[in-house]
Each structure stands twice: as structure tokens, then as C-alpha cells.
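With chain A held as given, fit chain B onto it using these hints.
Number of protein chains: 2
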Amino acid sequence: PAAMGGSAAAGKSVDGGGRAAPRVPVPEARPFLDTFRANLKETFFPDDPFRAVVRERGFARRAAAALRYFFPFLEWAPAYRLGTFKSDLIAGITIASLAIPQGISYAKLANLPPILGLYSSFVPPLVYAMMGSSKDLAVGTVAVASLLIASMLGAEVSATENPALYLHLAFTATFFAGVIQASLGILRLGFIVDFLSHAAIVGFMGGAATVVCLQQLKGMLGLEHFTTSTDLVSVMRSVFSQTHQWRWESVVLGCGFLFFLLVTRFFSKRQPRFFWVSAAAPLTSVILGSLLVYFTHAENHGVQIIGNLKKGLNPISVTNLQFTPPYMMLALKTGLITGVIALEGIAVGRSFAMFKNYHIDGNKEMIAIGTMNILGSFTSCYLTTGPFSRSAVNYNAGCKTAMSNVIMSLAVMVTLLFLTPLFHYTPLVVLSAIIMSAMLGLIDFPAAVHLWHVDKVDFCVCAGAYLGVVFGSVEMGLVVAVAISVLRVLLFVARPRTTVLGNVPDTNIYRRMDQYTTARTVPGVLVLRVDSPIYFANSGYLRERFTRWIDEDDERTSAKGETGVQYVVLDMGAVGSIDTSGTSMLDELKKTLDRRGIQIVLANPGSEIMKKLESSKVLELIGHEWIFPTVGEAVAECDFVLHSHKPGMVADGASHENMV
Amino acid sequence: PAAMGGSAAAGKSVDGGGRAAPRVPVPEARPFLDTFRANLKETFFPDDPFRAVVRERGFARRAAAALRYFFPFLEWAPAYRLGTFKSDLIAGITIASLAIPQGISYAKLANLPPILGLYSSFVPPLVYAMMGSSKDLAVGTVAVASLLIASMLGAEVSATENPALYLHLAFTATFFAGVIQASLGILRLGFIVDFLSHAAIVGFMGGAATVVCLQQLKGMLGLEHFTTSTDLVSVMRSVFSQTHQWRWESVVLGCGFLFFLLVTRFFSKRQPRFFWVSAAAPLTSVILGSLLVYFTHAENHGVQIIGNLKKGLNPISVTNLQFTPPYMMLALKTGLITGVIALEGIAVGRSFAMFKNYHIDGNKEMIAIGTMNILGSFTSCYLTTGPFSRSAVNYNAGCKTAMSNVIMSLAVMVTLLFLTPLFHYTPLVVLSAIIMSAMLGLIDFPAAVHLWHVDKVDFCVCAGAYLGVVFGSVEMGLVVAVAISVLRVLLFVARPRTTVLGNVPDTNIYRRMDQYTTARTVPGVLVLRVDSPIYFANSGYLRERFTRWIDEDDERTSAKGETGVQYVVLDMGAVGSIDTSGTSMLDELKKTLDRRGIQIVLANPGSEIMKKLESSKVLELIGHEWIFPTVGEAVAECDFVLHSHKPGMVADGASHENMV
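Residue numbers (the working numbering), protein chains in the order written: chain A, 1 to 660; chain B, 1 to 660.
With the rest of the complex left out, here is chain A (with noise of 0.2 Å):
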């Protein structure tokens, strides 16, 4: 039968003995370009974006249906109604109300001027609106993304002696994270954010969270000096080295405020109806704590307040971007840290389209807000995504589009306008116990627990990221946990599970014999089965495992006076690639079993295997005619030829054991 080989790939031939038997087509050669271009398309179209704007005929309504694919609001713009406008007003106001303490808030966590806060809840939302396709996503700042700021730019740049530069290389960060956020959109590279595992963001955010509430601690206490590190052993140390610094009033007026944050929260989460009680309790706060300052004079007492609010709008900030060396590179690397952190507005996004069972595309929403954050930068803003509790609010208020963020955007405006100097005498301690309150519903503890039992690895990637976040910094336990999650991918092929298939008695099935216990081998033959590609980081490790399960095959027959393996079929069904070191390690594979008298036998091989066989030979080596569509027809044949004492190529090997 050698001779068939090359020209059994018609689907069907006939072998020696005269037996029809099925085989295993090499799919035709397609052009080199063919396949690069439907490789790419693939790698970087998988959703296939531009499906409706293609589908238009002609140029001008080709231009409009790409105007609404880049703006979709111009898709609902048209058709709205008033019924839709009052439940986007109610959810505006709402989420407004929450905008306005926690940017304030938020922008002293990234040590900027409170003002930004609600700079960044005005420019932003209106720029999403226009082009997010998100119809829940509330616009605004993060308290992760600001303890990164504070703590990348405040490691050269102090906030407090040279608070000019600090401001505006917040600017230029921010611009920096709009430009790499759209950058990685428009180049569809979007796939890179899912290396942050769901498990990776859990440890990331319970250690950030953890984090920023140690550094509420400074307000909290009254502190007036803090370590400028965030981990939890510095922050300690700080803390408890000025226990003669402590200001009760401070701890009092924040634990109060804390306390009554969280009951509402606990109120609103037992009570779904009353989402608003939790929504408005922070305004609440500020406002039962401005009061109080006002009328106690307690600002002379050691309570901290904010102090004066400049009226008007956003000052325009494009002039103060810093492009020159010496600060540029930390704007960059700043950007770079915050703007990946930042797309985690787009999973955030997606969660609720899926409630709504409407569709978002990753790549679009990168561009949009990455523009949302350049425009951003150029109006003293600073980085902005779509924070998941605003979020909530939104879709729990009945927000039905982006309205939503304009209606905010508008309260926003109407605060900075007429306002801002209600909120003077607003205590610092108010707002570190919201953010404090916000950040404890970051700190996932069953979703850490439901990892451990499903999945260690996981596990230990948000294990990684939570410690390194904790102990080290922010960027350490982003590095931690990515090291672990790609270290799991690599693992995974370097090392992958071989697995012993048995027939399943009363059928030409065969499975893995671990797992279906009913199954049985078969003598003679045995059936191996991989089950990731076939690469270089794991040809020499397939090798040898393949040559121990024969070994031990061996052994464990030869004790019981079996006849030994004289089939070895390996089931290729789960091996999805296969490169040149693949090809190789089964040329050697072949050629060492030869030897051994062992006849090797491919099941299932999918159309790139048997491409990639075929230009290297090693489909040539085998032989055609050892290459079946099932394990069930390879064992049979295996069988077959065992039963007829054929004795085949096989007994030609056998004979000369060290044949070179």
C-alpha cells in the first residue's frame, strides 16, 4: 500500500486487501494571500463591524451609514420620544447626584483640585453620548484609575510643591490613555484587554480597593502628613508612627458618615425598589456634613474642609499638555496603566447590553472613549470611563439611552455655574467615608471564593494580583496577574493532558478511559489522545510522554503475558495547530516506534494538520492509508490486520531493532 499514499487524498481508496475504507482528505492548497488576509480578518474582524455599511449601496448612503456607525446617536436621536425622556431625566438626576461628591471626592484621591471632579463629569458624558453604544453606561471618574494617578505621577512629581506640573501632567496623562484607548480600537487590537482575566480583575480591583481604603485613613484620622506609598505596610507604619496626631473629631464625624453610607447601601441592596436611598445617600452626606461644619465651626476644630470652589466651566487645558522629555515619558507610562484599566468600562458596558440583549462592539467603544478622554484632556478633565455603580444606578433608575448622560452632564453644568460654593465648607472626612463606602462593594469576597471551587489557578491569579497590589503596588499586582494568567496559557500547551481512550462497550466509540469507566482498550492496540496543539514548547515533552505510556503499556501486558503494543493510534481531534517542531517530532515519533516494530496510526486529523503533513512529508512517512477519520475505524482496521496475521511493514521494522 506505500506506493497509494500520495494519491489516496480523493476521500476514499482501496488498500491492498481489497477493502474499501474511508479516508482523510488534505484539503486543497489555497493561495498564500487567500489565507493570510482570511487569517487576518479573523484575528482582527471577528465580528465583522463594517457588515452594514458595506451592505448600503452607493457612496453618500455608504457615508451615512458609516456617520451612524462611528455616532450612534444618530440611530436613536431621530426616534425619540417623551416617554423616554422622562425616564432618562429621573435616572440623570439620580446618577447627577452621585456624579457630584464622588468626582469631588475622586479627584482629591488622585490629588487634584477638587474641582476636576466635576469638570470630568461635565465634558465627558457629552462626548459619550454621541458616539458609545452603551445605553447604561454613566459617565465619570474611578477611584482606581485616580490611586494610580496619585501614585505613579506623585512618585516624581509632588503634588503639594509643584502642584502646576502635577495638574498638568494629569492633562497630558489623560491624553495619553485617550489616544492608546483609541489607538487600540482603530488598530482592533482590543483582544489585548482580555488578557486581563475576570479572575485577574477581581484581585486587582479587591486589592486597589483594599488600597485606596488605607488611604482614607489620612482623612479618616485628620492626618495632615501621609506616606505618598500605597502599600500596606508603609501606610501602617505611617499611620501608627502619629498616633499622638490623631483627631477624634475627624474619626467620629467619618465613621458616622461611614456608617450611614453602608446602612444604605445594605438597605438599598435588600430592597431593590429603593435603589435611590443608596444613590442619593452620599449627597446626603455632603450636604448633613456641610451643614454641620457651618454651623459648629468645627473646620477650626481639626476637621478639614474643602475650602473654596472656583465658579464657571471648564477652562481649556490643550496648551498645558507637556510634550517635552523630561515629564513626557511618566505621562505616557501614566496613560498607558490608566487607559488599560480604564477599558474595563467596556466590560462594564457589556454586562448590560447583555440584560438588554442588545450588542456592544469592544473595538468601537475603545475609540469612543478614548476620544472621550482626548477631548477630555483638552478641557481640564482627567480620566474618565464608565465606572460599574454608576452604571448600576443608571440602569436601576430606568435610564433607556445615553440621554442619560447628557441630562447629567447638564445638572453637572448647572453645579459649576451657580453652586459650587455651597460645597466650602463640605468636610475632607465626607468624602473619604464615600469613597471609603464606594470602595468596599469593589471587594468581591464570593466571587474569590466561587474561583477557589471552581478553578485554582484562577484562584491563584487573583490571589497574585490582590497581594502584589497590597504588598507591592498597583502595577505589581497588574504584572503579577497577567505573568500568571499568559504562564497558565503556556503551561497549558507546554504541558499538555495525554489521555488513554477505551471503546465504550456496544459502540465503535472511544473515549478517555479516566473518565468513562465502562471503557475498555483493546489488545494490542493502544489509543492516545492529546489534547492541545502540537507546538515546539511541547513536541519534546510529547515525545517522551508517548514513549512512557507505551513503556508502561509494555510492562503492564508483558506481566500479565499479554501480547505487547503493536498499534499506536494517536487521536489528533484535539490538536487545533501543528507546527514545523510538530512535524518533526512525529517524523522521529514514527521513525523510533519503527524501530520498536510499533506501528503508528493518526485518527482524526483536522484539514490544518493534514496540510501541514502533507508539505512536510511526514504524511508520505506514514502512509495514507494510516490515517482514518475515526478512532473507531483505526482501531478496526488496527484490529483487523492483527486478526488476519498480516504481518504488514510492521514486522519489517521489528526485525532489525537497531536499524540507523
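Hints are all accurate, no fakes.
Sample of chain A residues at the chain B side, in silico, Cβ under 8 Å:
hint	residue
1	Val457
2	Val493
3	Ala494
4	Gln515
By construction, these hints were calculated from the structure, which means they are not laboratory data. The C-beta atom is built at its ideal place from N, Cα and C for all residues, glycine as well.
For chain B alone, coordinates are given in the frame of chain A:
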């Protein structure tokens, strides 16, 4: 049937209609520590290296077995016979005649005193003969590692201005290389080396050979000043900026010897019986060249010569190792990179072992090579490994055991004690010719063509490594090659192939429709297959891709007026693993498809998948009754329900499309 989900794990169950259907069992939970231990063993001890030791009874016998494990010569030495010795003697003398001129040449390449090349062919082969398990490896220095030492150490310490420090750093780097090699072996981390794929090595070696040849232009042209950079651009600039310095005597001599060496190599390749012709050619060239210079006094006419070589055996260098700050890190870095590169020797040993059908334990070899380099660094040797060319000569000369290395070592010892003055007049240009002819053999153009034909990505890895080395630096080539290789693995997981399966007529087998052209779809049922584990890196992609398959199928069928998709069968046969992102994705997919009135069905999930599905509660959500061991059974069930017009749970979901 919904209530049965939990209890259906017993392997077989009876569904609502009364038909018996085989089910996919969930494997029993194993204690975490058991799984962990099994995974550790599979990852680090896949070859079960201590089997021979553990099998023995009693401490003394075990200790003896362990000694035999670490010192393989204890295995073969007792049974050593005169016939074997004769073969080893011939092979040993042949490789010694190659080792002496090559050793001197490569030491010059590393900018080290030429005598070090001889020292390095004396001690390390003795160590390897005791500890190594390859019978064919011939120990010696290699050109690429020599070049790396020159370029990495030379970047910070000048070999001409500060020769003593440079020499000591070379010993220190060798020491660290040995420590790293031995540690990798002891920690069973040999698989890290697997991440240098064959393709990467082809490109890298080709690039390094090109660079080494370019460096030889100095010797060939008789130049005195030369760039310390290794990249093509710098070398060409250096060569052509001093055309007036070219010495024709040097050029003529060099080209003559190069021609001679290449002709003998070509001849030996055509006539393998005369392998010794090319093996003896370098020594012949050295002798001829030395005689020529001695009689013509060409050293006074621009032909540089080696000059005095000290008589005597290796001096002890253990006190020369540098463990103090400024330069220790440099030595460590050089040791790390050269040490990893030198592990190539293991692959060489393995490929010869394959011919003779014996086994090489990679981790044990690392310990042997590492020890050899550590002891080498104590006795004035620099980095050694098992070069391919010399081992091939050893093999062709008929070596039987590692004794041939001992013979070579003794021959080099005799040379060191008595014959060094003979090399006084050896012209450097001959050494350049020897290096160039050896290097031209490393540029494996046919291998690169083979890579292009079989696998375009591997070709990119190869070309990347080559260009990185030639236009950047050796380290850059290495980084490029590893980066592309790892990216390929990650991309395989990030963008797995999904395919539609169809029924092969007259069977209940389902196969990929792009491969088996006869396969046909079943109306109302879409069978999808994923070719990779479902991990965080692809769960988002897969969710979108599945949706697109369903949408496309719906468009196609509705255009024809057929029934749309009512069942999606996911063939999990090739899904080797799943993490929590993957289970969440299935959870979301199930809910999304429920809303569209489509039932999700799983076929052939492996035991790990079943375990994860159960612990994440996704099994309960999908329903154990919708999971089948084969695609055939899954489709049969769907078809049965479709044609018996039993609405089931599917129609329930279809009625409220916007249910939240």
C-alpha cells in the same frame, strides 16, 4: 427533565420521553492535594526519572542506583571491552585533530588567549565522560557562545586594554552559566528551553553564523582595527572605511585555505566514507599555514601569527572568579544567555541518541553540562557544550561510548604538555578560514525553505531571529524569536478556530464541513466546534464568534425560507481545558440563546470540563440532559425533539425576547 439535571450523573438516565440515553459522567472529585501532586509530577517529572532508583529495595542498592543515575559511566565502564576501545580511540583522535585548531580559533573569536581553547578541550570532556549520558556528544567550545562572550563582555570591558579583568569575567560568566544550567536541571525546568523552537534556532544559528563570518573579515583582510559591534551595518562601514589597509597577502592566504576547507567538506558530504578528509582538513590547514609562514617569514609581511603559547596544563582559576558588584551582574547576564544557548548541546545529544535508539534525560544532561562548566571555570576553561559538527564527526568516526571524549582530552593534554610551540607560526588568517568554513555549515538555507513550505509562522520566527541577530545583536535576535514564538501560542488561544460540523452521509459521524466536502448540515441544528481551551483570552471572542455563526446561519436559512437555528450543539471534544471566564461565557451564552429561543447542547466534554461545569453551576443551568458523549447522539436528540414538535423549554424562552 429540568429536575433531573443534578441526579443524571450516574452515566445513564432516562429522559421525559422514556428513551434511554447515555450521559456524560462527571468524574468523582479528588482531594485538592492529590490533584496538585499529580499535576506537579506531570509538569516536572513527566519522564519519571527515578523509576530505576525507586524500583530497588534497600538503602545500599538504592544508593548504588542513584550513583549510576548521576554517573552513567558506572553503567558502561565495568562492561567496557577492547573492541569498543578501538572504535573510541579512532573517534577520539579524529575529534582531537578537529578540537585543537577549532579550540584555538574560537578562543580568538571570544577575544580570549588562544591557549584557553586547548584548556577547554581538556577538563570538560573528562567531566562529561563521567556524568553525561550521550555516547556521541563530543565536548568543546562553540562559535556562537564565543561570539556572545566577546560582544557582551566586550561592550563593557575591553579585552585589549584590560585583558586580565576580561579573562576573569569570562571565567565568572562560565561559572554562572554552569550554575544556571545545573539549576535548571535540578529544578526540572528543562522545558523552559523548549520555548526556543527549532525554527528560532535555525534562524538564530544562521544569523550568528553570518555575524561570525562577518567578524572574520578582520582576519581575512588583515585589518588591525575593527568595530566592536557585531551588526551588518557597523561591520560593513568598518570594512569599507579602511580599504587602504587591506593586505593582499592575508586575503590570498585566507581565501586559499577557505577554498581548501570548503572543498574537503563538500567532498566528505558527497562521500560519507571519507568523513575524515574534512575532519582532518583544519589541522592540515594549520600545519600547512604554519610551515608556509615559517619558511617565507610572512609574519613580516602583514600576516599576523598566534605567537607564543604557554606550555603546561590548565592553571587553577577558582580564585579569579569575580563576585563583587560592578562587573558581577555583567558576568551573570552573559552567563545566563550563553548558558541557555549552550543547552543546544542537549538537542544535539538527543538527535544522535535517536539514531542509536537510546534515551537522553534532558534534565540530567543539564546537570552534567552545568557541572562540566562549573568545574571548567575553576580550571581556566570557558564555556563548553556539545557542538553539532564535532559530535557528527565523532558519530561518523564510529565512537561507541563517552570514552572518545577521554581520548580527545588525553590528546589535548599531550599537545598542552609538549606541542604548543608548534603553533607559534600559525597564521591568524587560517583560524579565520577555519571559523568561516565551520560557520557556513550552520547556515541552513534548506531548513528555512522547508519552514516556509510547511509553516509560515515558523518561517517568520526564523526570519525574525535571523534579521534580529544580523541587523541588531545576538540578544535581540533571541528576544525577537522567543517573542514571536510565545505570541503564536497566545494567539492560538486568543483566536481559536471555530468551525461548523456537518453529518458525513450514511454515518452518525460529524466532521468539519470545510474539510469533508460531503458533510451535510442538519436543518434547525447548528453544530460548532472549538479547537482550543476556553480561557479568559478567548472567552469574549468566542461569545461574539458563536453569535456571528448563528446570525449568519439565520440569514442564510431565512433567505431560503427554511427553519432557522433552534439548537446549537457545541462540540467540546477539542476543548482541553476551561477556566472561570470560560464557564461564565457559557453561562452568558446559555442565557442569551434562551432569550432567542435557541437551546444550547454540549457534546463530548472531557472530565476536567465536566468538573468545572459542575462546580460553577453551569451544568445545572444547561441541564445535564443536554450534554451528550458524541455529536451524533446530541443531534439525534435535537432532531427527535424537533420532529416530535415537542416545544420544551426552548419555546418558553422565545416568548419574551426582552426578558431581563
